[in-house]
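Visitor: Chains A and B, in that order, are what the protein sequence lines are.
So for the first sequence, the numbering used here puts the first residue at 1; every next one is plus one.
So for the second sequence, the numbering used here puts the first residue at 1; every next one is plus one.
Just so you know, the hints here were simulated from the structure itself, not pulled from any lab data.
Even for Gly, the Cβ is constructed at its ideal location relative to N, Cα and C.
Check each hint, because a few of them may be wrong.
[As the list claims (entries may be wrong)] Here are some chain B residues pointing at chain A (derived, C-beta under 7 Å): (1) Asp50; (2) Leu51; (3) Ala52; (4) Glu65; (5) Pro68; (6) Gln73; (7) Asp76; (8) Leu163.
[To be verified] Derived, one-sided and incomplete: chain B residues facing chain A with beta-carbon distance under 7 Å: (9) Ala72; (10) Glu159; (11) Glu160; (12) Leu161.
[Stated by the list, open to error] Some residues of chain B that are not near chain A, with every Cβ distance over 10 Å (derived): (13) Ala7; (14) Arg47; (15) Leu69.
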Amino acid sequence: MRPLLIALRLLLVAIAANAWAHGGHAHHGTPTEGTIATVNGDHLTLTTDTGSVAVTLTETTHIAAGEKELDRKALTPKSRVSVFGTKLESGELVAEDIHVEGNGTGENTTHAKH
Amino acid sequence: MKPRTRALLIPAAAVIVSALIGYEYLVTHTFSARAKPSALEAFLAKRVRDLATSPAVKRLKNPLESTPLTIAQGRDHFADHCAFCHGNNGDGKTVVNEGLYPPAPDLRETTTQDLSDGEIFSIIRNGIRFTGMPGWDGEDDENWKLVLFIRHLPELSPEELTLMREVNGGREEGTHNEHH
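When you get a sec, could you build the whole thing from the sequences and use the hints?
Guide: Written out as structure tokens, the structure reads:
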């Protein structure tokens, strides 16, 4: 009986480890949400509830509005965005995924008043 | 007694005595994971792991450059998947680790830092048998970033610890440090 219990425990550990295993997804935590204040090449400045955040885009930064893939032209001042990425010790946020609210044309449909 | 008989009896007696000592040890120490491995057991386990790691793996060099970004990516990964047992700062003072046999070492100390890049990479990827360290498999780039971050652990700053808590939220609250 005891070997059976040990085997069962090992199986549970293996299942738990497998559940934690993952592919190449990023380890984001929570997104940084804000409004784009400035756009300068690969660098954005976001205005957030807690202040200004410098965001850097890389060659692999993925930009989308819902299911729709966008290019960098969609990142314009006054667009509201959620940025997932890696924060450096300096406070700079290196973007991996940027979700543009609304349809990605600068119109913010999410907060539209009716 | 004939010399040949004596030559057979001595090793046989040694085996029997060893078995009795082993049995007594198991009975008195139970099979609890809360015990700490003896120095002899730890020494033997390290030697076995060392023997089981091929020279080719030991010679592997990290192909990634250590930059603020690659270290930060390894940091977020570590906070997400490793800190639950190892702690954000790698000291291993977590509730889970204190119940493991053997417990994970303090990753900032020489027991880990003296390992080669390839050995650390291999441990992350393949795990270590008969311990709580699973083989995570994972993508090579992700694992090499973890190696970069583990190398960086002795110099971890308070700001980096704050960023790690942003990633793993309350998960690292399981550390004894934060409970008491």
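Visitor: State for each hint whether it applies.
Guide: So, going through the hints one by one against the coordinates:
1. Asp50: At about 24 Å, which exceeds the 7 Å cut-off, the nearest Cβ of chain A leaves the hint on Asp50(B) violated.
2. Leu51: violated, 24 Å
3. Ala52: Ala52(B) check fails; min Cβ-Cβ to chain A is 20 Å, beyond 7 Å.
4. Glu65: Status violated, d = 15 Å.
5. Pro68: With a minimum Cβ separation of about 5 Å from chain A (threshold 7 Å), the hint on Pro68(B) holds.
6. Gln73: Holds: closest Cβ of chain A sits about 5 Å from Gln73(B), inside 7 Å.
7. Asp76: Result: holds, 4 Å to nearest chain A Cβ.
8. Leu163: Holds, because the Cβ-Cβ distance from Leu163(B) to chain A comes to roughly 5 Å (cut-off 7 Å).
9. Ala72: With a closest approach of 5 Å, the Ala72(B) hint holds.
10. Glu159: Hint on Glu159(B): holds, closest Cβ of chain A at ~5 Å, below 7 Å.
11. Glu160: holds, 6 Å
12. Leu161: Violated: closest Cβ of chain A sits about 11 Å from Leu161(B), beyond 7 Å.
13. Ala7: holds, 37 Å
14. Arg47: Since the minimum Cβ distance to chain A is about 25 Å, Arg47(B) lies beyond 10 Å and the statement holds.
15. Leu69: Since the minimum Cβ distance to chain A is about 6 Å, Leu69(B) lies within 10 Å and the statement is violated.
Checked against the numbered hints given earlier, the structure breaks hints 1, 2, 3, 4, 12 and 15 and satisfies all the rest.
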